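Asker: These protein sequences, in sequence, are chains W and Y.
Take the first sequence: its position 103, counting from 1, is numbered 103 in the numbering used here, and each next residue is one higher.
Take the second sequence: its position 160, counting from 1, is numbered 160 in the numbering used here, and each next residue is one higher.
Quick caveat, the hints were computed from the structure, so don't treat them as lab data.
Wrong hints could be hidden among the right ones.
Unchecked claim - The calculated DSS-like cross-link candidates involving lysine-lysine, where the alpha carbons are at most 27 Å apart (straight line), are:
| id | chain 1 | residue 1 | chain 2 | residue 2 |
| --- | --- | --- | --- | --- |
| 1 | W | Lys121 | Y | Lys188 |
| 2 | Y | Lys39 | W | Lys75 |
| 3 | Y | Lys188 | W | Lys75 |
Owing to the predicted nature of the structure, the values given are computational and were not obtained by experimental measurement.
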Amino acid sequence: MKKETLLAIIFGVFMGLIVAAILIFILRPSGEGTVQQADSLLTPKGEAANIMPLEISEPSDRSIRTTESIEISGKVKKDSLIVIESPITEEIIVNSEESFSVDFPLALGENLITIRAYVDKAQTIPQIKTLRVYYLEE
Amino acid sequence: MKIKYFLLSLMTLAFVIGGTVIGQESTGELEEIQEFKEKLASKVAELQQDEEKALAGFASDINETSLKITTHNGEVYDVELDDLLTKYFLISGNSLDELSSEDISDDDYLIITGPVDGKIISANNIYTDIRFVSGSGIVSQVNQGNSLLTVITLENNTLEIEVETSTERQILDIESLEFDTVNFSTIKTGDVVHFIYQEANEENANDRYSASKILVIPQEYFSK
Chain W
1 MKKETLLAII FGVFMGLIVA AILIFILRPS GEGTVQQADS LLTPKGEAAN
51 IMPLEISEPS DRSIRTTESI EISGKVKKDS LIVIESPITE EIIVNSEESF
101 SVDFPLALGE NLITIRAYVD KAQTIPQIKT LRVYYLEE
Chain Y
1 MKIKYFLLSL MTLAFVIGGT VIGQESTGEL EEIQEFKEKL ASKVAELQQD
51 EEKALAGFAS DINETSLKIT THNGEVYDVE LDDLLTKYFL ISGNSLDELS
101 SEDISDDDYL IITGPVDGKI ISANNIYTDI RFVSGSGIVS QVNQGNSLLT
151 VITLENNTLE IEVETSTERQ ILDIESLEFD TVNFSTIKTG DVVHFIYQEA
201 NEENANDRYS ASKILVIPQE YFSK
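The following block holds chain W by itself, in its conformation from the complex (with noise of 0.2 Å):
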């Protein structure tokens, strides 16, 4: 066999490894954006800022706590008129973002916080959350 054929052999299965390895490997669709996609597909965009409901992050319901006040923090659509209320106090707020923080002062025993939004000054029906909140000196 003649040396220049040899080299073209070679070259050869070297170009089509190459070839192979970018399909395989590099230019395969990530699991990851196929589902980002997916959910991009299920809640457009304009949708899901109309219809965002209450969500408190902190505190869940029924902890117990050792402190006289807890921070309460969650998303709701914002500019909504949020209004927390406990037997001893209440606070009120209106977000000018989505999430919003408020420092709450708890009483001894069992804290019943209940939690309005009115999201839209045309409704009197507000979205509620309740927790209850523990402070107790063990």
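Go by the hints and put chain Y onto chain W.
Answerer: Showing chain Y alone in chain W's frame:
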């Protein structure tokens, strides 16, 4: 000579691509391990948080070793009592008074702490407290004579809310968005009212409740 350089370059290129591919796989594995670690840490934190929860409800079926409580949503839990381990307290304002097991009676509102296993809780501490309930709705009638508000709730129930002299009364100032105290005579039909009252473990046949606190949002806020 040229052929040797060409072969050398080709081999270098093959090693570089091979290395990149292997490197990507290693990075992917590391990310998976990191993700697994984060999930594990989150689960541990969640479990720890679960351990720091309490249960509360009205007491019944009390005996020396156990009692039952019925929570606000009607769930019944068996509470195991231990002579040595379980401690009893009365919440009185901002202080705790120690009690004995004999001081606990049916219909007391109890807060229980301790490990929970399904519907069984082994009580470490038991606190007697007051149970409050909150609600809201639109004022449909104002009875000035006996300081009574008829309220239609979000669930479309009709309740009567007694506003006593001891009831804390507040109204939203729709300009400053702050609360002011309010006279009963200022409240009118169409206003939204939030109320909190104490609840005892007994049937309330006439749906009339004595409010500990009311908070009024004037109807003008919604038509502004």
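Asker: Work down the list of hints and note, for each, if the structure agrees.
Answerer: Against the structure, the hints come out as follows:
Of the supplied pair hints, the one linking W:Lys121 and Y:Lys188 holds, its CA atoms being roughly 19 Å apart against a limit of 27 Å. For the given pair, Y:Lys39 sits about 23 Å from W:Lys75 by alpha-carbon distance, which is consistent with the 27 Å threshold. Taking the CA atoms of Y:Lys188 and W:Lys75, the gap is about 32 Å. The hint is violated against a cut of 27 Å.
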